[in-house]
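Following the hints, position chain B against chain A.
There are 2 protein chains.
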Amino acid sequence: MELKSYLTARGKLIDQALDRFLPRASVKPRTIHKAMRYSLFAGGKRLRPALTLAAAEACDGEVARALPAACAVECIHTYSLIHDDLPCMDDDDLRRGRPTSHKVFGEGVAVLAGDALLTIAFEILAQAKETSRYKMPALIGELAGASGSQWLIGGQVADLEGEGKKISGAELKYIHRCKTAALLTASIRLGGMSANASPARLKNLTEFGQSLGLAFQVIDDILDVTQTTEKLGKTAGKDVAATKATYPAIFGLERSREEAHRLTLAAHAALKPFGKSGATLRAFADYLLVRDY
Amino acid sequence: MELKSYLTARGKLIDQALDRFLPRASVKPRTIHKAMRYSLFAGGKRLRPALTLAAAEACDGEVARALPAACAVECIHTYSLIHDDLPCMDDDDLRRGRPTSHKVFGEGVAVLAGDALLTIAFEILAQAKETSRYKMPALIGELAGASGSQWLIGGQVADLEGEGKKISGAELKYIHRCKTAALLTASIRLGGMSANASPARLKNLTEFGQSLGLAFQVIDDILDVTQTTEKLGKTAGKDVAATKATYPAIFGLERSREEAHRLTLAAHAALKPFGKSGATLRAFADYLLVRDY
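Protein chains in written order, with numbering that gives the first Met the number 0: chain A, 0 to 292; chain B, 0 to 292.
Chain A extracted, bound-state conformation (with noise of 0.2 Å):
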């Protein structure tokens, strides 16, 4: 398949990267260095920095030029795993196949080793180059916004809220669009950013990006009720666990798979306007909707 060459391509290009911008595990302190990179390099997909390449080599843009806001990006996403793990909130022993870090770490150092990449992603991101169109306010805006107290932290407080209620169609998908298509749609618009896109293009990278983040969580839902723990690499049937609300437990799994095509066509009906240039990003709404963990 071609789209896992490109993404085994450019993980090593992200994965170099991450690893200049982050501290050597030697750096004093060394647990809060070892602690972030333990969870930043775990063999996570990279899906969403390979989203900001893609995006930005849609619009004609260098892959070099993108490289710091992916990586910011990937940082976020780890921190927001690292503290969605912790036993005040999804209590989580397993990610990506390894102990999750406070099972290493412990719960004060985990907390911290977040709040450390959080911090660090807008320390990296802050090193892109600006555009003529897209400059720093507008880049560490798109970033902040995203992972902030309306949209990703916003969706984690709401799923906490829900929990053992029962909650609406409407209520869920408020809460995917905050916890996934948001950081989702951040990525590819940074992409964008990088290669200075026309506001045009921004707004169909943008419909992309939400088609496909919505695309992604339903998926991720029906994965956790189809999939075993040892393919996911996380613990599986957990969300039943947790009482929480998910696309299969609302509309059935039958109706959750067409959701997730119906989304697929949307994201690529998005992508129209690139032509031959969005060949790549196609292929990623194709990949998401028939991966298998």
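I should point out that these hints are in silico values taken from the structure, not numbers from a laboratory. Some hints here could point you the wrong way.
All copies of an identical chain are treated as equivalent in the list; a pair is satisfied when it fits inside any one copy or across any two copies.
[To be verified] Subject to a maximum C-alpha distance of 30 Å in a straight line, what follows is the list of computed DSS-like cross-link-like pairs (lysine-lysine): (1) LYS172 - LYS33; (2) LYS33 - LYS165; (3) LYS3 - LYS164; (4) LYS275 - LYS165; (5) LYS27 - LYS165; (6) LYS164 - LYS27; (7) LYS165 - LYS134; (8) LYS202 - LYS102; (9) LYS165 - LYS44; (10) LYS134 - LYS27; (11) LYS11 - LYS102; (12) LYS44 - LYS102; (13) LYS102 - LYS164; (14) LYS128 - LYS202.
In this text, all values refer to a predicted model and were calculated from it rather than measured experimentally.
Positioned in the frame of chain A, the structure of chain B alone reads:
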């Protein structure tokens, strides 16, 4: 006392600006915005943001231009208090005379409120105006560096790891420099940067901040053993109970007071080049030395 009226007047400006920058408590999801505001408007002394404004004024800058940096610094300070107070860290129930965030909102929301304040700090700072000498990457880098894994967060890690152990005076000073002096120094430097301070003046401000920051923490340690919980608004004797190393514990009260005095004089010396313009900053140093909470 003159500085008291300065703090009152500037504190009002800072509170108004923070209120503008923060989402209303009615914005969805309400819990997170309530929690952010609960800790941010808890009657803190606003020392750090006031120092940002005073440093800007010492460099003939405008207060209004320094306000975004001042507010960003206060958001960072407040997030660090919320996370430090968590059960998995210092486990404190009282802060600024009120129950800590996790006591009111639960641990999960407290972690997220800290995350959200950390995130919004950069969003606010991105709204600062650049000057000819100091562009946005320098401003973001300044705040992210001081709050990151090698300073503010690093100090908290070293502090956690030192609990119950016998640590040296050198190690204690390292923790103080990280946990307290770094963010105080950045607060002051960001004020100078907002006023387009010359490199020489910025160096003076840095030296001032480092001395002031260490003095601040030595005095904090002294107050922890000499004052009541009621007076401090946070649990007194906490450091001793946690068998944390403190200045008085290692060097004795007498030598600690001498050190605070010596550091205050060093702070004064760093301000010499400012002449009359340094009066407010000088008053800060004197105020910290004689404060009793």
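Output the numbers, in ascending order, of every earlier hint that fails for this structure. 3, 4, 7, 8 and 9
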